[in-house]
Amino acid sequence: MKAAVVLAATLCSAPALAGWEPTKPVEIVVAAGAGGASDQMARMMQAAIQKNNLMKQPMVVSLKGGASGAEALMYMKSSDGDPNKVLIAYSLIYMLPLSAKIPFNWRELTPVSVIALDQFVLWDNSAGPKTVKEFVAAAKAASSPFKMGGTGSKREDHVLTVFLEQKTGAKFSYLPYKSGGEAATQLVGNHTESNVNNPSENLEVWRAGQVRPLCVFDKERISYTSKVTDTQSWADIPTCKEEGVDVQYLMLRAMFLPGKVTPEQQAFYVDLFHKVTQTAEYKDYMEKQALKPIFLTGKDMVQFLEEDDATNKSLMTEAGFVAK
Amino acid sequence: MEAFGLLLHGFAVLLTWKTLVLMMVGLVLGIFVGVLPGLGGPNGVAILLPLTFTMDPTSAIVMLSCIYWGALFGGAITSILFNIPGEAWSVATTFDGYPMAQQGRAAEALTAAFTSSFIGSLVAVLLITFLAPMISSFALKFGPPEFFAVYLLTFCSFVGLGREAKHKTVISMSLGLLLAGVGMDTVSGQLRMTFGSAELLRGINFLVAVIGLFGISEILLTMEERLALRGHAASISLRVVLSVWKDLPKYWVTLLRSSFIGCWLGITPGGAIAASFMGYNLAKRFAKDPESFGKGRIEGVFAPETAAHASGTSALLPMLALGIPGSGTAAILLGGLMVWGLNPGPLLFVEHKDFVWGLIASMYLGNVVGLVLVLTTVPIFASILRVPFAAVAPMIVVSCAIGAYAIQNAMFDIWLMLGFGVVGYVFKKIGIPLAPFTLALVLGNRAEDAFRLSMIGSSGNLKVFWSNGLVGSITTLAILLLFWPVIDGLLGRAGWMRRAKPASN
Chain A
251 MKAAVVLAAT LCSAPALAGW EPTKPVEIVV AAGAGGASDQ MARMMQAAIQ
301 KNNLMKQPMV VSLKGGASGA EALMYMKSSD GDPNKVLIAY SLIYMLPLSA
351 KIPFNWRELT PVSVIALDQF VLWDNSAGPK TVKEFVAAAK AASSPFKMGG
401 TGSKREDHVL TVFLEQKTGA KFSYLPYKSG GEAATQLVGN HTESNVNNPS
451 ENLEVWRAGQ VRPLCVFDKE RISYTSKVTD TQSWADIPTC KEEGVDVQYL
501 MLRAMFLPGK VTPEQQAFYV DLFHKVTQTA EYKDYMEKQA LKPIFLTGKD
551 MVQFLEEDDA TNKSLMTEAG FVAK
Chain B
293 MEAFGLLLHG FAVLLTWKTL VLMMVGLVLG IFVGVLPGLG GPNGVAILLP
343 LTFTMDPTSA IVMLSCIYWG ALFGGAITSI LFNIPGEAWS VATTFDGYPM
393 AQQGRAAEAL TAAFTSSFIG SLVAVLLITF LAPMISSFAL KFGPPEFFAV
443 YLLTFCSFVG LGREAKHKTV ISMSLGLLLA GVGMDTVSGQ LRMTFGSAEL
493 LRGINFLVAV IGLFGISEIL LTMEERLALR GHAASISLRV VLSVWKDLPK
543 YWVTLLRSSF IGCWLGITPG GAIAASFMGY NLAKRFAKDP ESFGKGRIEG
593 VFAPETAAHA SGTSALLPML ALGIPGSGTA AILLGGLMVW GLNPGPLLFV
643 EHKDFVWGLI ASMYLGNVVG LVLVLTTVPI FASILRVPFA AVAPMIVVSC
693 AIGAYAIQNA MFDIWLMLGF GVVGYVFKKI GIPLAPFTLA LVLGNRAEDA
743 FRLSMIGSSG NLKVFWSNGL VGSITTLAIL LLFWPVIDGL LGRAGWMRRA
793 KPASN
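Protein chains in written order, with this note's numbering: chain A, 251 to 574; chain B, 293 to 797.
In isolation and in its complexed conformation, chain B is listed as follows (with noise of 0.2 Å):
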């Protein structure tokens, strides 16, 4: 039990009243960053690392990393009440928590995804706790075919497991796919759809896309449908909190489901968006009543938070150990503990056993102190949807433009953010889902470029896909996903002939 030894010299480490100060003052703007829907984790850490570069390395990755949870929790806020999510793993928690708040039920929503949000980190913490050298060396076996895989496999889940028409599902993943293509194109060298313009180099960013078509074009619905942004004064109060508490060991399947597929994605960086879409689209296929998904399902909430946060967690895993970020945020920390004479690395863990041991212990008490407070902030953010929709529209349209303007300081992307607005306006009214739109859109350079990393390896032999264990049994299972439905009905009818059999002998 060395890890825990070093654990609990993490904690002497951590309990000085500077630290705590530290901590609260990082959770409250961690918070407020993430509730701005498009300012996210990854701009606040990065308006505030220069606040700590006259701080001690372990004061300064506390507060970094405590406004990271506070962004975590805050990020769900606004996917639940206006149905525009924070960071791109937030989209999955709008598909059932913003339909709870549209039925009065917001407090139920959040709790549930800030208690979810609060386990999941807690099983990846455990984890990077005790498996921290054993899970290093298994996210190294991750070459371009294991990451092909990978994303392989979260795009066919998708279309195998939705419950969109598939061929709808398919038809908005290839126009994600296609905007995905804008831009340089690393693996050539060149520039594609860009049309001369300097604009579209940068490409078409995700979370413009994201405020567009979720908050936008949600906007445009309301007022079409003249639908306030219902006022119900529901009743919020510890009483909510705890019956939600009460029903948590009901859903400890979904849980631990999510928990673990967050983990695993975690560590394999860049995993935490496709981890909510898949541990949303699992609980779903799992559930009795797929049906009910979609329409304001607690467990809609619970799956997709719980695999976000236990990745989002266990992504600073290989950041530390390997120095490869596994997202926007913990590239930006990594950046920092350079600024502090720290170098990420797999000696980091041997150098600097106070950094690393204080870093995880805060992780720890971060989300612990965080879950009581936006436990206790929650009647404050739920209220807001007692304001009138004639006075929070606006708001939302502003804070939304600001949002899609810091990303890249570019008024282009305001325009562009309008633009979708418009497309996700047209999806919905067409019925064509836009969660396969953003994940393409996400995933897509990525698929793309591990996709052809891989044939260049391999001079063009798709075998390179089975080569070894890890890989084949990942691309099977994707392929098997895909062709699920299709599947399922045969096992459906082989069963059905069986138990036919015996009933006309």
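Looking at chain A on its own, in the form it has when it is part of the complex (with noise of 0.2 Å):
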């Protein structure tokens, strides 16, 4: 079945080596649960694409987020040569191969390009401590250990929640929730005391005056400057580092095909997900949900991609959670 795949993709590239063209459905692989941060994106440009007529095929969403995010990659490692599957990926490419022992490698797969940067924001209840400042005195002088509710374990936001306790010396008790969505209404609840969502996750409840935003986990302020709830928008948060808490982290969105696609099929993509930027649709989320606007593709993507390892790395095996 594969062979035939591969036999067909390279019969019609052949001959029209100027354009290759999906020939029957792409299917855009999302490592993640419905509803989250890589579901919605995905279904942005499956609109975007469908809406400006991007593309002939249509393009379907396949949710791939069993074992946290694991079944994604192996079925995108698995699928050698298809050129008809785009995984939208996060920084779970360096993280699960070391904290799981996922026998996965993105350098086995062919990047296409980075089309955004996600933040991450340090909230608590909007009845909970005003500034960072508080929130760490809060936390340091409480009899049990402050809360902190996150995406699944041993990733981005519990690596934040470490590196948070190491900077101010308060002790947290992170709890894993299995999505960022979750992990926002338990903030909202009162079940837990603060989270490291990212804007997207929380938009919506910061918007009711549920929770508050701290500080933003980033070297400089979000730049966007449009008012979202009546008083603030995304650039009036102040920074950790402003707050006096140095830690910073930026996830990648970045576009993989499988291994061993032909240079054609790869530009196909490349010129695919540059339109989808020029797009108002996708201009219009990238506002709504904060994220950073950037796009890379080529060398410089891989070189971006060998940087953002080499950190992910360091922090990891910092905070302890590479098995052994």
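Calculated directly from the structure, the hints in this document are not laboratory data. These numbers were taken from a predicted model, which means no experiment stands behind them. Among these hints, one or two may not hold up.
[Claimed, not checked] What the simulated footprint calls covered on chain B by chain A, stretch by stretch (three residues with Cβ under 8 Å from a Cβ of chain A suffice, anywhere in the stretch; the number is not a length):
1. 433–442
2. 488–496
3. 585–595
[As the list claims (entries may be wrong)] Quick partial rundown of chain B residues pointing at chain A, CB under 10 Å, derived from the structure:
4. G473
5. G475
6. S480
7. G481
8. Q482
Think of the CB as a built atom: it goes at the ideal place given N, C-alpha and C, for glycine as much as any other residue.
Given two chains presented individually in distinct reference frames, assemble the corresponding complex, making use of the accompanying hints.
In structure tokens, the structure reads:
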């Protein structure tokens, strides 16, 4: 079956070197559950491609969030040479192989483009402390450790929690939930004291005045200045460094094809996702979810990935999350 | 009566030809999707979601939610006719629905299922209409200990109130819990029991197991016993429908109890499955002759269907109000909402009145139209039973295989399904009940996560399960139910002694 696809793909691409195009529906593989940030992004791209007629074949979203996203990675790994599958990846491509010993290496896939960077924000309940300093003081003074909600174990949220502990000296007990949405509602319901959700995951509860952003884990503030709540915009949130807690972390959102696809096939998708980043849907989505726009491809992308991989690896090692 | 005015406004949004046509299309597609085992609501909605990208949000949600209602109605059809539950919450419907079909009362069972679905949904929609703001704040009260208490209650009610031998129920449940542990463990981030296999990474999908355990094993049993799926030419007509309806008032307690359980568990996310089992068990517990359950009793269809649909419908409320999907289908609808540019959350009810109330109005209308539609097609579905077994069996096996494959597009799942078919066959032969096994497989993971999160939060102190009135009462109730046979016996003896005393005087 796979051989047949490869054969068909090579036959199709051979005569028309200039323009390879998918000949069957393209699957956009999401390494997370329904409704999560990756799923939302995949649906946005599906809609942007369909509405703007960027591709003749339809695009289908396929959710492979099993085993905390490892399912999607193994699925891509086993799809060598199939140009009809694109993975929407995030930092799990570095972290999962380290923490759970999944036999996966992103270098085996074909990089297409980095399309966005996602921020992390420290949030607490709107009834809780109002600034980072008060929050840290309250966490230190508390009789039992503050509860920090997050997505999954030994992943971005957990790493951030460990570094927050190191920099502030406060203790947290980290509660790994299945999704960022769950972490958000648990914070609203006062079952946890704080979380480190991505902007998109806490957006609605922030707008409803139920949670408060304390600081952004980045070296500069978020650039979007239009009001999100009655009084605040994303740009009004201070960086954690400004508040005296020097912890930074950005998460990539990038597209990958399976390994062993032809350069023409890769070129088609580079072009496709470049066009996607020009659409109104994409721009609107970036602003709404407070994502950092970026478009990297080719050598730049590989260099970025290597550096990012090294950063993540050292963070994971330092946090003690690398499986032996 | 602000809600009433808003609801009328919703109907006004809805009553256009275009929306009504979309509604019919959605319902027919939904029933079709529901009838195919394993395909089910979530897949159906996922496949059809892209169709709605170019529609306005209200039309889109009306069509998709009608697919959902259609699939809910359709799911009961395979449960009753072939003992293959289309969705997790249809499992309990098979207990009495399938025996009824075997006795030639398929039409009656189908009518009962559809009617009680309708009643369950209606109660839940009424609840959503009038209590929406209050309920969404109630759902926020649920942290890990509360979730665990609810799951514990479900497990305990099964052991305590089940009709099977207790040790067999416990064996079956433990095996289910064991298999639920396969795959990634969220709390520690480690893989468990995958033995280096990439296929086992995903864990064991509940629906794959159910299709095998119920569907394939049933085919095996029928083959062995050389029983044809009995081709009773049951007279299916308006008369059957009317006679079932005439008897409805007799079961008002069951219907009301199940609606209540359903609504209550529906707004605590993830409750639809628990609701159907609990509805069934409680109906059995309070019946005068519990032994007749499982042998084709109509109440055994009313109870789980009402609870499941009350819960399935009320599960949309936390999705809209909080953005937590209560079921797989709700999760995909949630994805749809975001594509249409709406963000579910506390502000949705304020900022998008047209959409929310249009959706709620479509719940009323969709259920009424759906009920009429399925009832008029009952004869067609029931006539499937008249086709010779030799012709139907291969078709069922093939559609089971397609269903199992479609859930995750994995060939491995088909082998898994066949394996579970054999397990189901053996279990039935040695009298181990399948229901606790499937229940544990569905809720095992969530219960484990909830328990461990509670323990992390309380630094290992079990008192957290009695830390407030809500969680304390659920936990206590769970433990009471677990030891119910003992307590019941003690109460009985006490009563007997009291009666005996005056007699001896």
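Status of each hint after checking the structure:
1. Only residues whose beta carbon comes within less than 8 Å of a beta carbon in chain A count, and the region 433–442 of chain B has 4; three or more means the coverage holds.
2. Three residues within the 8 Å Cβ limit are the bar, and the region 488–496 of chain B against chain A gives 4, so the coverage statement holds.
3. Check on the region 585–595 of chain B: 0 of its residues sit with their Cβ under 8 Å from a Cβ of chain A, so the three-residue criterion for coverage is violated.
4. With a cut of 10 Å, the hint placing G473(B) at the interface with chain A is violated, because the nearest CB-to-CB distance is about 13 Å.
5. Hint status for G475(B) relative to chain A: holds, with the closest Cβ pair at about 5 Å, below 10 Å.
6. Annotation: S480(B) was flagged as interfacial toward chain A, and the flag holds, the nearest CB pair being 6 Å apart, inside 10 Å.
7. Annotation: G481(B) was flagged as interfacial toward chain A, and the flag holds, the nearest CB pair being 3 Å apart, inside 10 Å.
8. Because the closest C-beta pair between Q482(B) and chain A is about 6 Å apart, less than 10 Å, the hint holds.
The structure fails to meet hints 3, 4 from the earlier list, while all remaining hints are met.
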